[in-house]
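As a plain string of letters, each chain reads:
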Amino acid sequence: DAGITQSPRYKITETGRQVTLMCHQTWSHSYMFWYRQDLGHGLRLIYYSAAADITDKGEVPDGYVVSRSKTENFPLTLESATRSQTSVYFCASEGTGREKLFFGSGTQLSVL
Amino acid sequence: GQQLNQSPQSMFIQEGEDVSMNCTSSSIFNTWLWYKQDPGEGPVLLIALYKAGELTSNGRLTAQFGITRKDSFLNISASIPSDVGIYFCAGTEGAQKLVFGQGTRLTINP
Chain A
123 DAGITQSPRY KITETGRQVT LMCHQTWSHS YMFWYRQDLG HGLRLIYYSA AADITDKGEV
183 PDGYVVSRSK TENFPLTLES ATRSQTSVYF CASEGTGREK LFFGSGTQLS VL
Chain B
14 GQQLNQSPQS MFIQEGEDVS MNCTSSSIFN TWLWYKQDPG EGPVLLIALY KAGELTSNGR
74 LTAQFGITRK DSFLNISASI PSDVGIYFCA GTEGAQKLVF GQGTRLTINP
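Same order as they appear, the protein sequences are chains A and B.
Per the working numbering, the first sequence starts with residue 123, numbered consecutively.
Per the working numbering, the second sequence starts with residue 14, numbered consecutively.
Hints in this document: simulated from the structure, not taken from any laboratory.
A portion of the hints provided could be inaccurate.
As the list claims (entries may be wrong) - Below, in silico cross-link-like pairs of lysine to any residue (SDA-like), each with a Cα-Cα straight-line distance of 20 Å or less: (1) A/179 with B/82; (2) A/179 with B/64; (3) B/83 with A/164; (4) B/110 with A/172; (5) A/222 with B/71; (6) B/110 with A/193; (7) B/110 with A/174; (8) A/222 with B/28; (9) A/222 with B/64; (10) A/133 with B/53; (11) A/192 with A/160; (12) B/110 with A/178; (13) B/110 with A/160; (14) A/222 with B/82; (15) B/110 with A/136; (16) A/222 with B/61; (17) A/222 with B/121.
This structure is a prediction, so every number in the text was calculated from the model and none was measured.
Produce the complete structure using the sequences and hints provided.
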């Protein structure tokens, strides 16, 4: 089915470990985004990508790395996870302009 | 950076009541959007507004883009149990970088 899927849905890791969250969309949308959701902060943009091989920082990029070798995939990597990165992470893609984002179901990440 | 203030942070209402929530911005936006998030899911777009003064409805939902371009409101009429969730406003100047409000958590007593 067409849509945007994230994996895994839940992840528990330890401080210092590398973690990669996956995002895949089947619409061929150009723009893709990673947000984190924390109580009291709403949704904050981590990184976004305008097209394959084009990425840019959002509001809270520190500690994260992204890549976009293919239009449909936009993985987010925490190179050395910290407890402050415990959060719910949402991937989104944008339709034909006009800022309408379509979100995945999220990945709940706990860093112990 | 851009700041969005969304209020109220939470609402507890009786089924059948009307609901009103709003967002204000410290800067001018070209687009306002309203999203709803159900538990364990990502936000889903409810209404998009693109012109100052624009009033748009989607079923029992009505949203308006403020004339000053610094605010927007969302009304829900005759609330039902499935309206429960978190509602987010979002705005942008148009650079594919939405700024989200902190959310309004709606709880409905049957």
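Right, here's what the structure says about each hint:
| no. | hint | result |
| --- | --- | --- |
| 1 | A/179 with B/82 | violated (26 Å) |
| 2 | A/179 with B/64 | violated (28 Å) |
| 3 | B/83 with A/164 | holds (19 Å) |
| 4 | B/110 with A/172 | holds (11 Å) |
| 5 | A/222 with B/71 | holds (15 Å) |
| 6 | B/110 with A/193 | holds (19 Å) |
| 7 | B/110 with A/174 | holds (18 Å) |
| 8 | A/222 with B/28 | violated (30 Å) |
| 9 | A/222 with B/64 | holds (15 Å) |
| 10 | A/133 with B/53 | holds (14 Å) |
| 11 | A/192 with A/160 | violated (29 Å) |
| 12 | B/110 with A/178 | holds (11 Å) |
| 13 | B/110 with A/160 | holds (18 Å) |
| 14 | A/222 with B/82 | holds (18 Å) |
| 15 | B/110 with A/136 | violated (31 Å) |
| 16 | A/222 with B/61 | holds (8 Å) |
| 17 | A/222 with B/121 | violated (28 Å) |
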